[in-house]
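S.K.: Fit chain B to the supplied structure of chain A, relying on the hints for placement.
Each protein sequence line maps, in turn, to chains A and B. In this text, residue positions in the first sequence follow the working numbering: the first is 1, and each later residue adds one. In this text, residue positions in the second sequence follow the working numbering: the first is 1, and each later residue adds one.
Note that these hints are calculated values from the structure, not bench results. It is possible that part of the hints are untrue.
Derived pair list, reagent style SDA-like, types lysine to any residue, alpha-carbon separation capped at 25 Å [unchecked claim]:
hint, chain 1, residue 1, chain 2, residue 2
1, A, Lys120, B, Lys138
2, A, Lys3, B, His301
3, A, Lys7, B, Glu185
4, A, Lys11, B, Leu252
5, B, Lys150, A, Leu9
6, A, Lys12, B, Lys138
7, B, Lys247, A, Pro15
8, B, Lys138, A, Asn117
Some chain B residues flagged as far from chain A (calculated, every beta-carbon gap over 12 Å) [stated by the list, open to error]:
hint, residue
9, Ile4
10, Thr54
11, Cys122
12, Tyr289
Every residue, glycine too, gets a C-beta built ideally from N, C-alpha and C.
This is what each chain is made of:
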Amino acid sequence: MEKEEYKKLVKKISPAENKLKNIIVAFLMGGAVALIGEFIVCGLMTIFGLSRVDAGGWLVLIVIFVACLLTALNFFDNWVMRCKCGLIIPTTGFAHSVASSALDYRNDGLITGLGSNFFKLAGSVILYGVISAFILVIVRVIIGG
Amino acid sequence: MASIKFKNVYIKDYYSIVGPIEKESQIKNYDLAMDDYYFKEKTFELAEIKMQQTVIDNLLARHKMQISDFDILIGGDLSNQISITNYNAVNYNIPFLGIYAACATFCESLIVGANLIESNSCQKAMLITSSHNLNAEKQFRYPVEYGAPKPHTATFTSTGAISTMLTKNQGKIKIESATIGRVIELGIKDANNLGAVMAPAAAATLQTHLVEMKRDLNYYDLILTGDLGCIGSNILKEFCATTYNLKLKKYLDAGCELFLKSQDTFSGGSGPACLPLVLYNKILKQKKYRKILIIATGALHSVAMVNQKQSIPAIAHAVSLEVLS
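Chain B with its partners taken away, still in its complex shape:
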């Protein structure tokens, strides 16, 4: 079984910071926005570490809590060796699990945290994830100021950091169940079309979730995928229809819901921050949906492997949420 049911795990609260472009985008209810990519630090890497630290500290301050009230810190980001999260964890003297699933990191942290709480191994967990457009550009693509023409299928890594508080006590959102994804690769080698790389993984996880939980698509008020982008989400719809005979109707993609058309972000947003930013600051604020299935999708993309002409594998983890208040 890839699916797990949870009885007593809740998202108590969350805090998000967004970058300068996300500030002008479709999401309006963020907690804090940066005016520039440096966030008053010397390098972009230090800026991202400070973003992570800010969202954790501000969330703790809002609830008048200390980090020592938490049993564990779980998180990850896009950088090599998840160095951003590792360097941020130095600031907090509590047990730490660093995780990597590219842009599926958010759901992976929810699953790991929820399991620890459900098994009574801990009472409270702090989750952290972030991405920074320019750090991702530098690592996966070209130098920041280098102007390489991009195709329409490319996505734009979103800038943001999000902290999430998981507890045993009833909170805003219940984590009802989750499905751990499999790594799937369907022969796509184009690093400028990551939506196409990830769509089969999202479809497979969705299908596994529905079968194992004995549900159909109507059970959910909304299915929200992570960062397939506008083109990738169209591929997913077609793929689900032809392969699994699933007709996605109540469906949105966070990458497609993040930016405005005028913002020149090609197929849409991406990055580990993309899904939680849209979920927390747009979807949940609309108060329209009660049962939401989020499927975070990650392209397990490595520059070295792409240069060696290998196709890109992808993973998707699903978490079923029930909005209580």
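One chain only, chain A, in its complex shape:
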């Protein structure tokens, strides 16, 4: 059997992923995370009298802490299976990727293990985040003056 023919056979038998359902689930779950975040921001502003910018900073800290804690407690990976990328795209996903790498490699030494693998998954986010920010700033300077 030729390769192309075999690919067709595999595609015919392998069940297709329900992309629409995954997208809707991810949208709703990501939205839910954002909604909870908004409640926390409002809570911080009313209870502690913080400005919206300061409350946003505290929110990020809280979200990162909770995501790391849930990763260590073995909840997060199971939730991602159910919530799809709704939990991976927000800040929670970044914290989760760093925490899970750290947990995995802590036994391989602080430098050779944890240190060098800490950003194994998150490294791309940082690198391409910085590059796209740089490009966007240039575009803004050119267009916006």
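M.R.: Frame of chain A; chain B shown alone:
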């Protein structure tokens, strides 16, 4: 000829340990089960080494034998440089052959061991194979606690270690013949669909075995493939029918027979431990089959090669077993 006939090689006994999820699965007759993935060790790697050591030691103890009664230790696992098996072999001061064929390791060890015994190079051989879900996840996929959504075609590496005692003297199971597989690649690059990667290799080995041994499918009471998973086994059936005109009826896949549907393991189990766990602890305990052809399938998957967009090659080795008692 890729096929070899054996006159005097027997599996005398075996011993298996299973992981926490396999404990709740379809197999019930294992010898020992772990409550967690650490097995009272500090890391998962050390846990897997201890699993291998436990199954060898307990098998020796059951027969009141010493490791020095054996001429050779043969085995392998999934880890880089088969380090688990190498580090375990330090504990046993006998000649050692480390082998790697991914999830086809079990059949490869049977073939190597059977040949050494058949040629009178040795009298007794100890075979070992193991896999550990979290070691495999860490090495081939993402960090253990990282939650990446997986497609339905993905398989779940089983956790377990199995020791097998091969002898010249008549035992429970006769190794009747074997076929050494070829490496086959049909352009599949998806590391989340290893069943599709391995199915053509299994089909090719099956066809070679039947042709060279001059047999048809009815000769066997059961054909058991290693770890194609439920989706992969459907691909194999279709592939065999269209390419070789073989209609697989008395056929099961160990990956599909291992876990329960409720266990959320996608297409089924995989890993070198998958086939021997199902064969020893489910198929043989049913006492329904006498002539069994096991085809262990291995995806020769390397993370670096997949990242370089190369398709994944696969291999399958077949061993024909006759159950005597």
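S.K.: Now tell me, hint by hint, if it's right for this structure.
M.R.: Hint-by-hint comparison with the structure:
A threshold of 25 Å between alpha carbons decides the hint, and for lysine 120 (chain A) with lysine 138 (chain B) the separation of about 12 Å falls inside it, so the pair holds. At roughly 18 Å between alpha-carbon atoms, lysine 3 (chain A) and histidine 301 (chain B) fall within 25 Å of each other, so this suggested pair holds. Annotation: proposed proximity of lysine 7 (chain A) to glutamate 185 (chain B) holds, straight-line Cα distance about 12 Å (limit 25 Å). Proposed proximity of lysine 11 (chain A) and leucine 252 (chain B) is supported: the alpha carbons are some 22 Å apart, at most 25 Å.
For the given pair, lysine 150 (chain B) sits about 21 Å from leucine 9 (chain A) by alpha-carbon distance, which is consistent with the 25 Å threshold. Restraint check: the Cα-Cα separation between lysine 12 (chain A) and lysine 138 (chain B) comes to about 31 Å, which exceeds 25 Å; the hinted pair is violated. This hinted pair checks out: lysine 247 (chain B) and proline 15 (chain A) have alpha carbons roughly 22 Å apart, not beyond 25 Å. Of the supplied pair hints, the one linking lysine 138 (chain B) and asparagine 117 (chain A) holds, its CA atoms being roughly 12 Å apart against a limit of 25 Å.
Listed as outside the interface, isoleucine 4 (chain B) is consistent with that label: its C-beta sits roughly 27 Å from the nearest C-beta of chain A, beyond the 12 Å cut-off. Residue-level check passed: threonine 54 (chain B) sits 21 Å from the nearest beta carbon of chain A, beyond 12 Å. The beta carbon of cysteine 122 (chain B) sits about 38 Å from the closest Cβ of chain A, which is more than 12 Å, so the claim that it is off the interface holds. Listed as outside the interface, tyrosine 289 (chain B) is consistent with that label: its C-beta sits roughly 26 Å from the nearest C-beta of chain A, beyond the 12 Å cut-off.
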